[in-house]
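Here is what each chain is made of, one letter per residue.
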Amino acid sequence: MTLSGTLRKVARSVLVVLLVTFMVVALLSLAPGSVATIILGPAATPESVAALNEELGLNDPVFVQYWDWLVNALHGDLGTSLLTDLPVTEMIADRLPVTLELALLAQVIALGIAVPLAVAAAARPGSVVDRFTSAIASASLSIPAFVAAPILVYFLALQLDLFPVSGWNDLSEGLGPNLESALLPAFAIALAEIAAFQRLLRTDLVSTLREDYIAAARAKGMSPSFVMMRHAFRPSSFSLITLLAISTGRLLGGTVIVETLFSLPGLGSLVVNSITARDVVVVQGVVAFIAVVYVALNTAVDLGYGLLDPRVRKEVKA
Amino acid sequence: MTQIDYLDQTGGALSEVVQSEPVVPVVRRKRSVSVGLSWSWLVLVVVLAALVPLLPVSDFDVAAGPPRTPPGFGNGLDLLLGTDNFGRSELSRILYGARVSLVVGLVAGTVAFVIGTFLGLLAGYFGRWVDAVITYVTDALLAFPPLILLLSISAVTKPSLFTLTVGLTILVIPSFVRLSRANTISWRSREFVRAARNMGATSPRIIRREILPNVLPTVASYLPLVIASLIVAEGSLSFLGLGIPAPTPSWGGMIAAGKDSLDDAAYLVLVPSVVVFLTVFALNQIGDSLRARFDRTASD
Amino acid sequence: MAGSGAAHLRGDEALLSVEDLVVEYRTSAGVVQAVSKVSFDVLPGETLGIVGESGCGKSTTGRAVLRLDTVTSGSIRFRGRAIEGLDEREMRALRREMQMIFQDPVGSLNPRRPVRELVVEGLDIAGASRKDQEAAAGRVLEAVGLADDRFRDLLPRRLSGGQAQRVAIARALAVEPQLLICDEPVSALDVSVQAQILNLVEDLKRDLGLTVVFIAHDLSVVRTVSDRVLVMYLGKLCEFGEPEAVYASPAHPYTRALLDSVPQPDAVDGFTGPALEGDLPSPLSPPTGCRFRTRCPRADEQCAAEEPQVAEIRPGQFAACHHPLPVPEVLAAAGGAAVPVPARSSA
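Residue numbers (the numbering used here), protein chains in the order written: chain R, 8 to 325; chain V, 77 to 376; chain H, 83 to 429.
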């Protein structure tokens, strides 16, 4: 990866972020129901509404509003909530750990299930095991979070009483209670990821296992499982890592459903609650934050690709 | 026999063999059971949803029986799938909900397919600034996690079938643009495109007659998968209460309403859940089989 | 040998006249000089064969003449009219008269259209009626030997290489061109099929009075079809003349090397002659002076300093070389004495 190539990619990402945040701010400044009315309450007079609109700069053209927002954002100020008067950045900082923990936990669960399934499937392509695991993966892909979550609640929380139905136990209350409240939601999210990981890893493993050097290893007398773990897994896991990074970004927004259902104080539920309450400032800030993180993550993966891929590294050395 | 026959060492015998048409054995494509079942399910849902006003079921907003009746046979069509907390027929609500999901999914998917394919063709064929602009906007839209984008759109619009469809269309246009653009770029440098230009074809004609027919099957094969994701998106929105407003039923809304009664009326959640799952699964199966078929052709 | 110069041009009666054609294009690695000041012309009814190794710029020349590649500079005259500066719209009107046959037969046909639509593409663009198109389709398919009805509805992937190339030729014929440029039309085909296609082109040329530019890397193929031969190397012109003369007594060392590198079926004296040393230089930074000097056994300081111009070495035979080869008979007459070769420069 040349320096100019890297710079170009980063510059491009910055441009995308600018467009993304502009879309967010512009879009949400069109929100019906004047922001001023929300702040002042239903008893507000038209004059005071107009005055507040002027003061908040809501009569300015969109570009001016965006510019103001951008300048503030770069100083770390995403505005103040219309409802709670808290700084948006503070609200994000409060809720980010919950969402992050959910996302990471979901990834771990997904990997924990997907990897063995993929290995089992790739060991004997076309076999009953392969087709069965592929069917399971396919099926889990078709279970959206809003379907999975209630059903999991029904079976595991209500029927078997293994987990709480809702509510979040912060880490400060202990790891046990924390995990207890997080596992069910994380599993609901993980279902879709399991399918994606399993498919990708299986395809990669199968094509790697077909390579000549695998045959050479087997000819040397290595056992199939040894060959799988030592020789096939490493190159195949490469694209899996990439997918992992990308899906983590995607999950930042994907926890919305689960957080709402389980009443978890994360970023996703913050977005939904703010939308319902018409707290435009919060919605702007949180959505922009999530989008920026998403772009940053994807760019990092893109750039890291060149670094991580050993083939590219070898060329650079030579 | 002309002066060039020294190149043909077989004295002309070979040319006779070569003249005949190469024999291409007919490949019997194995019909997958799951794909067949998927089609059956989809056809069933579509037909029932389309005909529900004519069916002997109650409207979705009238009480058809005692509230919270579990599903069962022998009580008539209305109570086949039970009733909800207000005594409304679950079967009726499922079917009317299907109308919403299917209409939104099909319309948004198809419109996005048309617009996205067109933009992708332009970007891929003309390149340079056209490509730069289209790709820039597409990348920006794809930078949103899908549900977040939807939520943002629904934050500023008054929820209705129309706004929902528009929002979902915007959501999936970028995917089609990317697909179409990649395929266009790959086809644009083929020799037959150069041959067409050599014949005096204008750019619009080349796009329309040479590139589009080759791009279309591949992009279209993703339509079922996209529609599946749209149904999931619509369901998610209605689950959060931000989708189609009451009293129109929607699958997501039904699950949301039923989740509070999980302890004693779990079927309120399970029935719509199964329907959603089967529909999405069927679309995914069909989409996968189409993709396997058409992506291979494109790599010729 | 750095073939610049137009000594070999034959004047105004030429159907196609190219002078100092330059085609360069930018890549991330630099500017590729694909064609550097090449001149040639083709008389009506003549077949000009352009031959050379891969990367010598012959295909680019063919495409540039038809304005399918961007012309950096130079003049192209078709029927006396300068066409290098025409915009796309004006070129489109001319396209019917100058057609091309491509190297990949199946790839040059739209995989989704049946043969009967493919062959009349040019007429359809020109707005001919459906009836006229059908009549033309029948006519040209018969002319190329695919008269059988079953060919009409076949898709390109059902055609063999030879059949596909026939369809491509039929398609070119349908617009009744005056000039036909064949860009390696038989390179992708089996040997026996090559003969058929070459015979076909010969017959059509004779029956329809076509002027043909035949681009190939196979020396024997070019010899049999051409009235004149043009040898190219690394974007430059080496030699020009009648095939018999060029092949029997090449004036340019590169032509000699090309001829010598054809594997002999009778391997008594080894399979080939003296091989060309070294690798093909990069077209991004070709050698100064004569571009062939890095591999030429006869190169000296003059070759590095000065680009040779095309000159008439023997009557009707032109070469761009400071030290052209003499006619072999001279060698024999001189009792096998070695022709004095200038000392190799250290360049």
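Any given hint might turn out to be false.
Here are the simulated EDC-like pairs of lysine to aspartate or glutamate, each with C-alpha atoms no more than 20 angstroms apart in a straight line [claimed, not checked]:
| hint | chain 1 | residue 1 | chain 2 | residue 2 |
| --- | --- | --- | --- | --- |
| 1 | H | K213 | H | E224 |
| 2 | V | K335 | R | D168 |
| 3 | R | K16 | V | D137 |
| 4 | R | K16 | V | D215 |
According to the in silico footprint, chain V covers these stretches of chain R (three or more CB under 8 angstroms from chain V) [stated by the list, open to error]:
| hint | segment |
| --- | --- |
| 5 | 110-119 |
| 6 | 153-163 |
Across the chosen pairs, the derived CB separations fall in these ranges [to be verified]:
| hint | chain 1 | residue 1 | chain 2 | residue 2 | range |
| --- | --- | --- | --- | --- | --- |
| 7 | V | N151 | H | P196 | 57 to 67 angstroms |
| 8 | R | A18 | H | E383 | 46 to 56 angstroms |
| 9 | R | L111 | V | T186 | 18 to 28 angstroms |
Hints were generated in silico from the structure; no laboratory data involved. Note that this is a predicted model, so its numbers are computed, not measured. The C-beta atom is built at its ideal place from N, Cα and C for all residues, glycine as well.
Going down the list of hints, with the structure as the test:
no. : hint                                   : verdict
1   : H:K213 with H:E224                     : holds (17 angstroms)
2   : V:K335 with R:D168                     : holds (16 angstroms)
3   : R:K16 with V:D137                      : violated (54 angstroms)
4   : R:K16 with V:D215                      : holds (13 angstroms)
5   : 110-119                                : violated (count 0)
6   : 153-163                                : holds (count 6)
7   : V:N151 with H:P196: 57 to 67 angstroms : holds (59 angstroms)
8   : R:A18 with H:E383: 46 to 56 angstroms  : holds (50 angstroms)
9   : R:L111 with V:T186: 18 to 28 angstroms : violated (38 angstroms)
Violated hints, in rising order: 3, 5 and 9; the structure is consistent with all others.
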